[in-house]
Amino acid sequence: MQKNFLLLSLFLLVHTGFLIAQSQESYKIHDEKRPQPKVVAHSSFSRMATAPSDAIILFDGKDLSEWVSSNDGKKAPWAVHNNYFEVIKKTGGIRTVKEFGDVQLHIEWAAPKKIEGKSQGRGNSGVFFMAKPNVSYGYEVQVLDSYNNPTYPDGQASAIYGQYPPDYNATAPTGEWQTYDIIFLRPRFDKSGNLEKPAYLTVFHNGVLVHNHRKLLGPTTHKVRKEYSAHPKRLPISLQDHGNPVRFRNIWVRDLER
64 MQKNFLLLSL FLLVHTGFLI AQSQESYKIH DEKRPQPKVV AHSSFSRMAT APSDAIILFD
124 GKDLSEWVSS NDGKKAPWAV HNNYFEVIKK TGGIRTVKEF GDVQLHIEWA APKKIEGKSQ
184 GRGNSGVFFM AKPNVSYGYE VQVLDSYNNP TYPDGQASAI YGQYPPDYNA TAPTGEWQTY
244 DIIFLRPRFD KSGNLEKPAY LTVFHNGVLV HNHRKLLGPT THKVRKEYSA HPKRLPISLQ
304 DHGNPVRFRN IWVRDLER
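In this note's numbering, the protein residues as written are 64 to 321.
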């Protein structure tokens with residue numbers, strides 16, 4: 064009897080998880096009727112986190128030597144200040160010189176202190192994994208000022224853009240520094256270019272788990288869903304210019320395939 068009860072409990076747990084995942088995938092892209100994530104309190108991140116000893120430092124507070132323009136591969140055009148750098152409007156995104164597959168990424172960012180715009184026009188940028196040069200998509204974790212700023216749920220801060228809202232809205236007040244700690248596992252393709260295994264993302268926003276080994280449906284894009292297409296095992300990480308002066312600091316990765 065007890066064995067049957069345990070088996071039934073296990074079945075219900077797995078089945079419920081499957082239904083939740085299935086319902087998440089059934090929403091239309093950028094569906095404003097999708098439930099808004101619950102707002103949760105979080106720790107303060109005014110101090111920069113210390114990188115592990117085996118981390119690859121992508122920004123040390125001094126220069127953008129580890130980055131180039133996403134447009135032409137030349138010098139990164141964004142402005143470097145004291146221990147942080149800032150998006151310069153209409154200069155285009157930047158991408159890493161080095162290329163990565165499976166990675167653990169730590170990045171700290173802050174929306175502009177002055178509140179301007181609303182919805183997607185406020186503190187917008189993005190962290191893209193496996194971003195091909197001169198291509199406007201990859202696998203994006205959204206950067207947005209989502210503090211008292213309603214927008215479509217799959218486009219708010221820490222969303223897997225156009226696919227999954229975060230489980231919780233852990234956004235800090237406007238202008239404060241906040242953190243993303245992300246584990247990205249790249250998709251696998253066979254020799255013929257067929258998908259063998261999708262990409263997965265685990266994301267902590269300000270120390271709060273908001274995506275737990277989430278299966279990506281394909282590359283992330285605006286308004287449409289793209290299917291997977293074969294690409295190299297290693298590609299750059301990029302940051303988006305969406306027209307807002309978002310700030311970044313203390314960026315490092317651990318190469319999980321090294």
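Rather than coming from a laboratory, the hints here were simulated on the basis of the structure. For every residue, glycine included, the Cβ atom is placed at its ideal position computed from N, Cα and C. Hints may contain errors.
Said to hold, decoys possible - Derived CB-CB ranges, DEER-like:
hint: 1; residue 1: Lys181; residue 2: Val287; range: 16 to 26 Å
hint: 2; residue 1: Lys177; residue 2: Lys278; range: 32 to 42 Å
hint: 3; residue 1: Pro295; residue 2: Thr265; range: 21 to 31 Å
hint: 4; residue 1: Ser116; residue 2: Lys181; range: 40 to 50 Å
Hint check:
Evaluation of the 16 to 26 Å hint for Lys181 and Val287 yields a pass: the beta carbon distance comes to about 24 Å. As the Cβ distance of Lys177 to Lys278 is approximately 38 Å, the hint placing it in 32 to 42 Å holds. One distance hint, 21 to 31 Å for the beta-carbon pair Pro295 and Thr265, holds here, with the actual separation near 22 Å. Taking 40 to 50 Å as the suggested C-beta distance range, the pair Ser116 and Lys181 conforms, at roughly 43 Å.
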